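> Model the placement of chain H on the given structure of chain B, informed by the hints.
Protein chains in written order, with UniProt numbering: chain B, 1 to 417; chain H, 1 to 271.
Hint data in this document are derived by calculation from the structure and do not stem from the laboratory.
Because the structure is a prediction, the values reported are computed rather than measured.
Quick reminder that beta carbons are idealized off the backbone N, C-alpha and C, glycines included.
Careful, some of the hints might be misleading.
Derived DEER-like restraints, expressed as beta-carbon distance ranges [claimed, not checked]:
no., chain 1, residue 1, chain 2, residue 2, range
1, H, R133, B, R301, 33 to 41 Å
2, B, L108, H, S110, 33 to 41 Å
3, B, D290, H, H87, 33 to 41 Å
4, B, T18, H, S60, 45 to 53 Å
5, H, H87, B, V118, 50 to 58 Å
6, B, D161, H, E94, 55 to 63 Å
7, B, L359, H, A234, 18 to 26 Å
8, H, D59, B, S254, 27 to 35 Å
9, B, R138, H, E66, 37 to 45 Å
10, H, P57, B, V250, 55 to 63 Å
11, B, T214, H, L96, 41 to 49 Å
12, B, V11, H, H87, 57 to 65 Å
13, H, K193, B, R301, 29 to 37 Å
To be clear about the criterion: a stretch of chain H counts as covered by chain B if any three or more of its residues have a C-beta under 8 Å from a C-beta of chain B, and this derived list gives those stretches [as the list claims (entries may be wrong)]:
no., region
14, 178 to 191
15, 220 to 232
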Amino acid sequence: MMRAAPSQEEVRRHNLGTLLRHIHLRGSASRAELAEGMGLNRSTIMALTSELTAAGVVREELPRDTPRRAGRPSLVVRPESTRVYVLAFDIGVDRLVAARVGLGGVILERREATRPRVPFDPDELVGALAAFTRQLVRRTDRDAVCVGAGAAFSGTVRRADGMIRYGPNLGAIDVSLGNALSRRLGLGLTVSIGNDANLGALAEHRRGIGAGCTDLIYLHGDVGIGGGIIVGGRLLDGVDGYGGEVGHMVVNPSGRRCACGSRGCLEAEIGEHALLANAGRTGAGRVGRDAVRAMVDAAARGDAAARDALHRAGDWLGLGVANLVNVFNPGMVIFGGTLRDIYLGSAAQVRSRLATSTLAAPRERVKLRTAELGDDTTLVGAAELAFSEVLDDPLEVLARLRTTAAGRLPDRSGSNA
Amino acid sequence: MSVTPVLDLRGVGKSFGPVQVLHDVALSAYAGEVTALVGDNGAGKSTLVKCLGGILPMDSGDYLFEGRRVRVNSPREAAELGIEIVHQDLALCENLDIVQNMFLGREWRSGLVLDEPAMEELAARTLTGLSVRTIKSVRQPVSSLSGGQRQSVAIARAMLWDSKVVVLDEPTAALGLAQTQQVLEVVRRLADKGRAVVLISHNMNDVFAVADRICAMFLGSTVAQVRASDVTHAQVVELITSGRGADGPSGVPARMNGVGRARRGDEAGPG
Numbered sequence: 001m002m003r004a005a006p007s008q009e010e011v012r013r014h015n016l017g018t019l020l021r022h023i024h025l026r027g028s029a030s031r032a033e034l035a036e037g038m039g040l041n042r043s044t045i046m047a048l049t050s051e052l053t054a055a056g057v058v059r060e061e062l063p064r065d066t067p068r069r070a071g072r073p074s075l076v077v078r079p080e081s082t083r084v085y086v087l088a089f090d091i092g093v094d095r096l097v098a099a100r101v102g103l104g105g106v107i108l109e110r111r112e113a114t115r116p117r118v119p120f121d122p123d124e125l126v127g128a129l130a131a132f133t134r135q136l137v138r139r140t141d142r143d144a145v146c147v148g149a150g151a152a153f154s155g156t157v158r159r160a161d162g163m164i165r166y167g168p169n170l171g172a173i174d175v176s177l178g179n180a181l182s183r184r185l186g187l188g189l190t191v192s193i194g195n196d197a198n199l200g201a202l203a204e205h206r207r208g209i210g211a212g213c214t215d216l217i218y219l220h221g222d223v224g225i226g227g228g229i230i231v232g233g234r235l236l237d238g239v240d241g242y243g244g245e246v247g248h249m250v251v252n253p254s255g256r257r258c259a260c261g262s263r264g265c266l267e268a269e270i271g272e273h274a275l276l277a278n279a280g281r282t283g284a285g286r287v288g289r290d291a292v293r294a295m296v297d298a299a300a301r302g303d304a305a306a307r308d309a310l311h312r313a314g315d316w317l318g319l320g321v322a323n324l325v326n327v328f329n330p331g332m333v334i335f336g337g338t339l340r341d342i343y344l345g346s347a348a349q350v351r352s353r354l355a356t357s358t359l360a361a362p363r364e365r366v367k368l369r370t371a372e373l374g375d376d377t378t379l380v381g382a383a384e385l386a387f388s389e390v391l392d393d394p395l396e397v398l399a400r401l402r403t404t405a406a407g408r409l410p411d412r413s414g415s416n417a
Numbered sequence: 001m002s003v004t005p006v007l008d009l010r011g012v013g014k015s016f017g018p019v020q021v022l023h024d025v026a027l028s029a030y031a032g033e034v035t036a037l038v039g040d041n042g043a044g045k046s047t048l049v050k051c052l053g054g055i056l057p058m059d060s061g062d063y064l065f066e067g068r069r070v071r072v073n074s075p076r077e078a079a080e081l082g083i084e085i086v087h088q089d090l091a092l093c094e095n096l097d098i099v100q101n102m103f104l105g106r107e108w109r110s111g112l113v114l115d116e117p118a119m120e121e122l123a124a125r126t127l128t129g130l131s132v133r134t135i136k137s138v139r140q141p142v143s144s145l146s147g148g149q150r151q152s153v154a155i156a157r158a159m160l161w162d163s164k165v166v167v168l169d170e171p172t173a174a175l176g177l178a179q180t181q182q183v184l185e186v187v188r189r190l191a192d193k194g195r196a197v198v199l200i201s202h203n204m205n206d207v208f209a210v211a212d213r214i215c216a217m218f219l220g221s222t223v224a225q226v227r228a229s230d231v232t233h234a235q236v237v238e239l240i241t242s243g244r245g246a247d248g249p250s251g252v253p254a255r256m257n258g259v260g261r262a263r264r265g266d267e268a269g270p271g
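Chain B with its partners taken away, still in its complex shape (with noise of 0.2 Å):
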């Protein structure tokens, strides 16, 4: 069946989202460079960023540095990243981050909290979530604007409705953590969850080592390990949004029992309990991220029990790292948290047994990386997660947004005419 042409007002709110996308991820471009990278004449630019000039998500600027040449210069187009920002969660199992990212992906300020190993409580969470916020929010220029909130938790979430469904290192069951969130932040915004390792491959390849990559598989590892799957340049997740749980993956049918109820999952061999308990690093006070580092660093400084751990750890790495390859042929593996440290200190067994168990053809072009940005990978792509709607329909979201805060924040709409 045919399709009707899409009206002109859909091009032009298409128009106005891809070019606000464009600065949002490659940073400022001059609007010759928009007009060619968009395929759109420089009169079209023109009126595009305009409308985002006048509704005070970019600016134009006389380029600052560019040799003189004949003619007058492009006007530079940058983002608003003070004025336009989203709210960022990061839900670790030991840690809490809550940040103000701003247009263009600048981190502006960032509250971060340790979390103790206690029983998951999601009003306490929800609780300290929302202090984080009021303190963040509070520091903000009197005209700049919220534009959405995205939380990243380590746990199945499902995407409807940002339900936890599962988050066995946290404790969580059926929890509406989403609902709960949005209605005490009280910003007039839907908290958008996704699952951290989904989010943290989004971050990858928007803004990190996996940028031009379509097709990438990223591996988190916190407590547990998770896995974010980006197929032609589209996350993989499924029906519900439950995708990409790779740290499930069975690699050893007989190996250690699991928390998840299963035997032998690449989490339960590699994870940390795994990886402390092989070792023989168990005790008071060693967990987290730092135990996990500690015991690749004893391994490297010759500590028998740890370098056996780690090798063993690398060869499931490699194994599980195998299967992926030959189902999904990835341009890229990315290694983030702790799965860095366990990377770089095993890659000797990750790589001995990826040559022996994938097929030749799907491992010829996969390249192995470490996460660019590091820690905050996953709080990257939960704003990332935060900034989608507002990209799809920058003018509709920013005029509702300011109706509904004209009573808290000054509306600066006509400012600029």
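Quick look at chain H alone, frame taken from chain B:
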């Protein structure tokens, strides 16, 4: 593969008096890739690097740069081609800051004075480009930097000059774990930004963490040039210690680049 290596040495021989230290050595390095040069002590790695950097003349063999036959008779000529070598001692000046070190002897001028803002900006941009995040200011003196940070500055300096080939001699020796990891990531980014990187290392784990290709030397000759994704740790160790490829599951011998093939299977005699 039909891609032309940036750097391609073939049949290199070198003797010191009656002692032949290199014979029939081959090394190819490709843009965007890390080529690890591995071998035991005395295998000839350092001599080979001196030859490719123009510090020592080669007695025989071909030196091809971007497919053209060249002669490199001095370090200056190597630098003019775009070959930078980061030696183990790094050759940084403790009393100078990062910018001064990176531009040492090649300072930019603006009229009569040095163009400090431009140099500072490029130094900072280069370090950022390599994702070096731990250095707070490019005006810090080098004496205040950790070993890993110094290594990063030396690598960034090598990157600054439109270099096409960067040779790193044991960049992670003498570093702690956190710094080693940072340097490995910097090495990887350097190649991902299009340089051909030659990494000399004794540490097999470091080699597997970043290398795309492995060139193994044994007693003065190249015994194998293989893709790192096609070999196991055990096979590379076998190449280094005995000069022979183990017949592992992925079959190193079948994948050999045809380099030094004559020597494999021979008893490993001195070169």
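> Give a verdict on every hint.
Now the hints, each set against the structure:
1. Taking 33 to 41 Å as the suggested C-beta distance range, the pair R133 of chain H and R301 of chain B does not conform, at roughly 25 Å.
2. Between L108 of chain B and S110 of chain H the C-beta distance comes to about 34 Å, which sits within the given range of 33 to 41 Å.
3. In this structure the hint that D290 of chain B and H87 of chain H lie 33 to 41 Å apart at CB holds, the actual value being about 35 Å.
4. For the pair T18 of chain B and S60 of chain H, the beta carbons lie near 59 Å from each other, so the given range of 45 to 53 Å is not met.
5. At roughly 53 Å, the beta-carbon separation of H87 of chain H and V118 of chain B lies within the given 50 to 58 Å, and the hint holds.
6. About 60 Å separates the C-beta atoms of D161 of chain B and E94 of chain H, a value consistent with the hinted range of 55 to 63 Å.
7. Taken as a hint, the range 18 to 26 Å holds for the pair L359 of chain B and A234 of chain H, whose Cβ atoms sit roughly 21 Å apart.
8. At roughly 59 Å, the beta-carbon separation of D59 of chain H and S254 of chain B lies outside the given 27 to 35 Å, and the hint is violated.
9. For the hinted restraint 37 to 45 Å between R138 of chain B and E66 of chain H, the CB-CB distance of approximately 58 Å leaves it violated.
10. For P57 of chain H and V250 of chain B, the hinted distance range of 55 to 63 Å is satisfied, since their beta carbons lie about 59 Å from each other.
11. Between T214 of chain B and L96 of chain H the CB atoms are about 44 Å apart, so this pair conforms to the stated range of 41 to 49 Å.
12. Distance hint check: the CB atoms of V11 of chain B and H87 of chain H are about 59 Å apart, consistent with the given range 57 to 65 Å.
13. Against the hinted window of 29 to 37 Å, the Cβ-Cβ separation of K193 of chain H and R301 of chain B comes to about 32 Å, which satisfies the hint.
14. Chain B is given as covering the region 178 to 191 of chain H, and this holds because 6 residues of the stretch bring a CB closer than 8 Å to a CB of that chain, at least three being needed.
15. Only residues whose C-beta sits within less than 8 Å of a C-beta in chain B count toward coverage, and the region 220 to 232 of chain H has 5 of them, enough to reach three; the restraint holds.
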